[in-house]
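Residue strings, one per chain:
There are 2 protein chains.
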Amino acid sequence: MREAHPILVGGAWIEDPHPTDTVKPINPSTGHEIGDEYPVSGSETLHRIAQHAAQVAEVLNATAPDRIALFLDTHAGFIDERRSDIASIAHTETGLPRSPRLVETEMNRTIDQLRQAAACVRSRDWMRPRVDTQNNLRSMFEPLGAGVLVIGPNNFPLAYNGAAGGDFAAAIAARNPVIAKSHPLHPGTSRMLAQCAHDAVVATDLPKGTVQFFYHCSPDDGLALIRNPNVSAVGFTGSRGAGLAMKKAADETGTPIYLELSSINPVFVLEHAVRDRGEAIADQIAESMLQASGQQCTSPGLIALRSSEYADQFIDQLSSRLKQASPQVMLSHDGRDGLDKAVQHNMNCGAECLIGGRKIDDDAARYEHTLLCTNASHFLEHHQELQEEMFGVAALIILCDDNDQFALIAEKINGNLTGTIHHSDCDAPVLKALTRPLRLRVGRLIHNAVPTGVHVSPATVHGGPFPATGHPGFTAVGLPTSIHRFCALRCYDRVSDDQLPPELRDRNPTDEMLRYIDGKWTRDDADE
Amino acid sequence: MREAHPILVGGAWIEDPHPTDTVKPINPSTGHEIGDEYPVSGSETLHRIAQHAAQVAEVLNATAPDRIALFLDTHAGFIDERRSDIASIAHTETGLPRSPRLVETEMNRTIDQLRQAAACVRSRDWMRPRVDTQNNLRSMFEPLGAGVLVIGPNNFPLAYNGAAGGDFAAAIAARNPVIAKSHPLHPGTSRMLAQCAHDAVVATDLPKGTVQFFYHCSPDDGLALIRNPNVSAVGFTGSRGAGLAMKKAADETGTPIYLELSSINPVFVLEHAVRDRGEAIADQIAESMLQASGQQCTSPGLIALRSSEYADQFIDQLSSRLKQASPQVMLSHDGRDGLDKAVQHNMNCGAECLIGGRKIDDDAARYEHTLLCTNASHFLEHHQELQEEMFGVAALIILCDDNDQFALIAEKINGNLTGTIHHSDCDAPVLKALTRPLRLRVGRLIHNAVPTGVHVSPATVHGGPFPATGHPGFTAVGLPTSIHRFCALRCYDRVSDDQLPPELRDRNPTDEMLRYIDGKWTRDDADE
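Chains as they are written, first to last, in the working numbering: chain A, 16 to 543; chain B, 16 to 543.
Hints are computed from structural coordinates only; laboratory data are not their basis.
Don't take every hint at face value.
Per the computed footprint, the stretches of chain B lying under chain A, defined by three or more beta-carbons under 8 Å from a beta-carbon of chain A, are [to be verified]: (1) 151 to 158; (2) 264 to 275; (3) 470 to 481; (4) 489 to 501; (5) 504 to 513; (6) 523 to 536.
Only pairs whose alpha carbons sit at most 30 Å apart, straight line, appear in this in silico DSS-like list of lysine-lysine [to be verified]: (7) K223/A - K427/B; (8) K263/B - K427/A; (9) K427/B - K263/A; (10) K535/B - K535/A; (11) K223/B - K447/A; (12) K223/A - K447/B; (13) K427/A - K223/B; (14) K263/B - K263/A; (15) K374/A - K338/A; (16) K338/B - K374/B.
For every residue, glycine included, the Cβ atom is placed at its ideal position computed from N, Cα and C.
With the sequences and hints as input, model every part of the structure.
Structure representation (structure tokens):
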């Protein structure tokens, strides 16, 4: 038996003194154990990690922005140097294609996110300082004061990783120490990314324990960690069930928690768009559905269109595209079984199976590409049951009898990350009627394009109304806005200049930072 | 028997068709009923109100900023015209002094807040538009899409009123329809303010039902209203018990709720400050405690100082100042009884009574000015029990044996709205040790001044960590930041210019609005 891998606590890799169990990851392409063992940490260890985080926070909060930025850039550089090894282990653990998905696409996004965060730290724009010289009142966003727990999902082993992803970058950018939890499906990948972070902490002389890391814990121990007063916020991306349990725990202790939960990403293909370019749209949607075997939070899972011969052609085209593509290995056998359960659930609720709908019978975790279909009246009657996320290459087509049903469907849609409308000029009246109900229910509204492929841009929103996330006013992607999730708004009332944080002193500490001084945004000093 | 007053539903004053009870307010100065009756609305009525709000939201969300601003200014103007009548009824209902408190101080703040909100609406600064022209991604803050429920407290009948106060102004500024709930202690005051709002809605031709208003409801019906999908956010200022029940309901449905709960506003008077100017500080604190009979969310309720002869003089001075002042009428007899309960609780937990500690035996709701005292060791041992808010002229003094105990006390303080430090130059080392733990636990840190008297300034923060509020990243006072509580962050992905909100189109719709376009804040158009 191999020894379980060490965890990163208080700045050192140590053997977990009291693991409650071990995780033995399985290669989803073969169904066999990979051969490594990772500890499941218990409450004592997690308590100690949280305590460290709170101690580190004091030093880290007082660290100069340039050093935080240097850490983020250095971390990005280490990941870049080790990209081949990281992609290899990520491929073994997740079944995601090594190239271009892991070694280029997701890796570049991860590195770019960290570098964008570094730039935001240097600009200090996220602090949004406000000064009222008459009353000597000054306020800005500051770090929270203890650890931020970041829990990454199964489907983006790099770009959402607790030790390297978007939540990590945002939390550190605001100078919070991070407690990173691996997803149990890719502990080896996470270990390598945590090692990069640790090496960067050492190289840039940040306080020991700025980044701590563990592999897994029981649900109860995880909820206790969320309630721990030394955890000041939580970022979680994952399943709705786990997320809502965490939200409940966090809500009880008033701990800010940012969730990215399931989303079915409705797509509306309006009448004239289907007629004008139905096949091209079907091709686009098929390509979008096939990305990462459909295991993306923005994967299209519901497609509404009006019945017609063109709609039939659209469905034929989409079906044939999906059938042409070979089912790829999914993230795990459990994930494949979950997909099957969701597909069967929707069929039991009256959706007809057009293609697919079954597991593929071999050792790899694979599932037939699936299209279900129902009509609008049936959907409207059973809209809650029929919004079960099918996390894989699977979508539910809704056929409308008339154009009015598009808006009626949108009114019944739960909160989602994205909503897409394909339209042509002649669809204008329907577009108008549909836009309002859909707009209110999605974080990102897309026209004539696909929802997958989230740009890491300051102008994006990767968020949306509950239950897609926990709060409609935040985004998980897009710097510097995503940083505001991990901040406290704090005010200094008649505090003398030498006792103020640099960003609130009369003198602007950079030439670039905009501050709201006495009624206007300015780069000037406050005493001018 | 008089008929119960009508409520404001869907743009018309109507008799509540199904009241579950009535409220008969009492004059706290006499203990007698004022003579008016107000309906307690039931679930059917509240459901109807919420439905109206969601319908109105669509029209209101599309209303031009100038008209929203005009409404806010007009509302402010109507309140200004009727200030004398409003102050009179507010005085009868709350016992707060008519002048200067109601007719000048609080009235001016209320009017000023509405006008500041109008200016923010015109500037559109709160929308914070972000544009990425390369990817045609555009995002900004938008109204939530249904009603915002605003529940005002007992202690600021004007400036926090559901139909005229800070939450109201912020919610409307973001173009959300408001469902205003009166506090049952001042329904007549609220009725007049709701009338001003209604008149302003009519005068500026905003959609009917932009402001709806009811007086009271049972706790269960209130929680059901919070869970109603047509209520998209809640603003509540009041007691911790009621607030936490509402938070639980809102958390279950993922409804953003902004709470301002109890706060004991710790004050630390450091060794040399006591020595150098102890009596002057005692005078300041006494004056602050006496404001509004101590019924303010920022009233100092805990005073820590180091034992010494100067500390004794400080306490003597504070005691004599409080004794010199006559106890004023409190907001209600229930409130006075609540204060008594909290004082007795703290005494039962070992605090010694220096002065006061008893109800005054007459018809008016009055209470003796109260000082309790304990030592730091005792407080540190019983810190949870001894942080019970005493909502009145009452504070707990904590005497420290040494300077190290200041920071230890601060570490045990719950989340508060404010924290104050009085210090002299020689206190520098203690100030340094105390600042970090106190800073993390309060929204506004004050030096050498008093916490009462919140400036309505863009640079203030009236917020703080749980349980003072529900989230440390927001403020209830200070425009435009307070508006962000009632917004959703929404993104438009490859949407053509003519389908975008004006603020996200290439052309900047104002000359003033800063937008973040392709990496910089600019007032330019996006296509330049």
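Okay, the hints, checked on the actual structure:
1. For the stretch 151 to 158 of chain B, the stated coverage by chain A is satisfied: 4 residues place a CB nearer than 8 Å to a CB of that chain, which reaches the threshold of 3.
2. Given as covered by chain A, the stretch 264 to 275 of chain B passes the check, having 5 residues with a CB less than 8 Å from a CB of that chain where 3 are the minimum.
3. Chain A is given as covering the stretch 470 to 481 of chain B, and this holds because 9 residues of the stretch bring a CB closer than 8 Å to a CB of that chain, at least three being needed.
4. With 6 residues bearing a CB less than 8 Å from a CB of chain A, the stretch 489 to 501 of chain B meets the requirement of three and the coverage assertion stands.
5. With a threshold of 8 Å between beta carbons, the proposed coverage of the stretch 504 to 513 of chain B by chain A holds, since 8 of its residues qualify and at least three are required.
6. Given as covered by chain A, the stretch 523 to 536 of chain B passes the check, having 4 residues with a CB less than 8 Å from a CB of that chain where 3 are the minimum.
7. For the suggested pair K223/A and K427/B, the alpha carbons sit about 26 Å apart, so the restraint of at most 30 Å is met.
8. Between K263/B and K427/A the CA atoms are separated by roughly 25 Å; this keeps the pair inside 30 Å, and the hint holds.
9. For the given pair, K427/B sits about 25 Å from K263/A by alpha-carbon distance, which is consistent with the 30 Å threshold.
10. Pair hint K535/B plus K535/A holds up; C-alpha atoms about 17 Å apart against a cutoff of 30 Å.
11. Note on K223/B and K447/A: the hinted pairing holds, with a Cα-Cα distance of about 23 Å set against a maximum of 30 Å.
12. Between K223/A and K447/B the alpha-carbon distance is near 23 Å, which keeps this suggested pair within the 30 Å criterion.
13. Between K427/A and K223/B the CA atoms are separated by roughly 26 Å; this keeps the pair inside 30 Å, and the hint holds.
14. Taking the CA atoms of K263/B and K263/A, the gap is about 9 Å. The hint holds against a cut of 30 Å.
15. Using a Cα cut-off of 30 Å, the hinted pair K374/A and K338/A holds, with the two alpha carbons roughly 14 Å apart.
16. Restraint check for K338/B and K374/B: satisfied, since their Cα atoms lie roughly 14 Å apart, inside the 30 Å limit.
The structure shown violates none of the earlier numbered hints.
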